[in-house]
Amino acid sequence: MRKSVIAAFALVLIVGLWIGSGLFSEREETPTSASASAVPSASVQPPSVQVQTLQASSVAQVLHLMGVTAPMRQVDVPAQTKGTVATLQVKTGALVEEGQLLARIDMGDRTARLREAQALLEQRQTEYQAATQLSKKNLQSATELTRSQALLDSAKASLESIRLDIRRTQVKAPFAGVVEQRFVQLGDYLDIGHKVFRLLDLSKLKVKGQVAEREVSRLKPGMPAELSFVGGQRLPGEITFISRASDSATRTFMVEVTADNPGLAVSAGMTARISLNLGDRRGHRLSPAVLTLDDEGRVGVKVIDDNATVQFMPVELIADSPEGMWLGGLPDSVELITVGHEFVSAGQRVTVSRGVQ
0 MRKSVIAAFA LVLIVGLWIG SGLFSEREET PTSASASAVP SASVQPPSVQ
50 VQTLQASSVA QVLHLMGVTA PMRQVDVPAQ TKGTVATLQV KTGALVEEGQ
100 LLARIDMGDR TARLREAQAL LEQRQTEYQA ATQLSKKNLQ SATELTRSQA
150 LLDSAKASLE SIRLDIRRTQ VKAPFAGVVE QRFVQLGDYL DIGHKVFRLL
200 DLSKLKVKGQ VAEREVSRLK PGMPAELSFV GGQRLPGEIT FISRASDSAT
250 RTFMVEVTAD NPGLAVSAGM TARISLNLGD RRGHRLSPAV LTLDDEGRVG
300 VKVIDDNATV QFMPVELIAD SPEGMWLGGL PDSVELITVG HEFVSAGQRV
350 TVSRGVQ
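Per numbering that gives the first Met the number 0: the sequence shown ends with 356, consecutive numbering throughout.
Fair warning: there could be bad hints in the mix.
[What the hints assert, rightly or not] No more than 27 Å apart at the CA atoms, straight line, and that leaves these computed lysine-lysine pairs for DSS-like:
(1) K171 <-> K155
(2) K203 <-> K90
(3) K194 <-> K205
In case anyone wonders, no lab produced these hints; they're calculated from the structure.
Given these sequences and hints, build the entire structure.
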């Protein structure tokens, strides 16, 4: 019995010593492991980026709008009297001068009405002269003289009316322009107001564009503009109108540019790009590849400061060219990260290598 107790006690002592030796062993190994893991972290280097020093320069800030050309004037020349189309003097597409005859309306009975009005006027003049003589001799009352005067005036008005109606049988161009469309044929009967020809004045062109509210305050009537077209034509012009009220749907303002059209080289209805020079501004010409977004969704670039720490700077577009974009919002001199900006964040230290100037 005594031997069994001694054996059990010895077994418990051995197990306790074994467990204790394991804990000590683990504690001794832990600092070694920590020391081993600390070695690599001490050797980690900041990420490497390529940087280029850029200097700002002056660049013209140009605002581009799109529009469609329209003639300076357009009118549907109407008939001003009734009658049948007797002659058509011009063809569609013809260039006409102001006052040039476009068509004739048949005279009808107007010649007879003219002779009748002339004869009546002669009669009324004779009657008035006789009434005047009698009135001087007190042989006719003042009332009769007044009546004779009224009849004479009525005859004069009738003659002038028929003469005006005869002049209106000639349909003439109200201004110099191009005959764009003909609405009648020979023999058609026209009423007053019936359209005969459509006439366009293309000596000048108007182009309307829409400008955002943040830019409209920078525009003024008389400001120079340039119109450019798909075919390569360019026309200088100027702003002739700026809307005072915005479009309720787009919140933009209508701007109208007028330009001379020598030789009528540009037709109405053509797409035109309006270029408005808003003045020079300091900016940097950069490749779109260096642009990035910050956490707030702003467009900008990443630069480094004097401590080789990455900084994010928002930018704005000044102008666009085939060689690159001109961006504003940066200091005159800036250390721009050109390679590796995708892999670094604002506030991070970096290793710098210089790019080609």
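Verification of the supplied hints:
1. K171 <-> K155: Holds. K171 to K155 sits at ~26 Å (cutoff 27 Å).
2. K203 <-> K90: Holds, because 22 Å separates the two Cα atoms, which is no more than 27 Å.
3. K194 <-> K205: Holds, because 24 Å separates the two Cα atoms, which is no more than 27 Å.
Violated hints are absent here; each numbered hint is respected by the structure.
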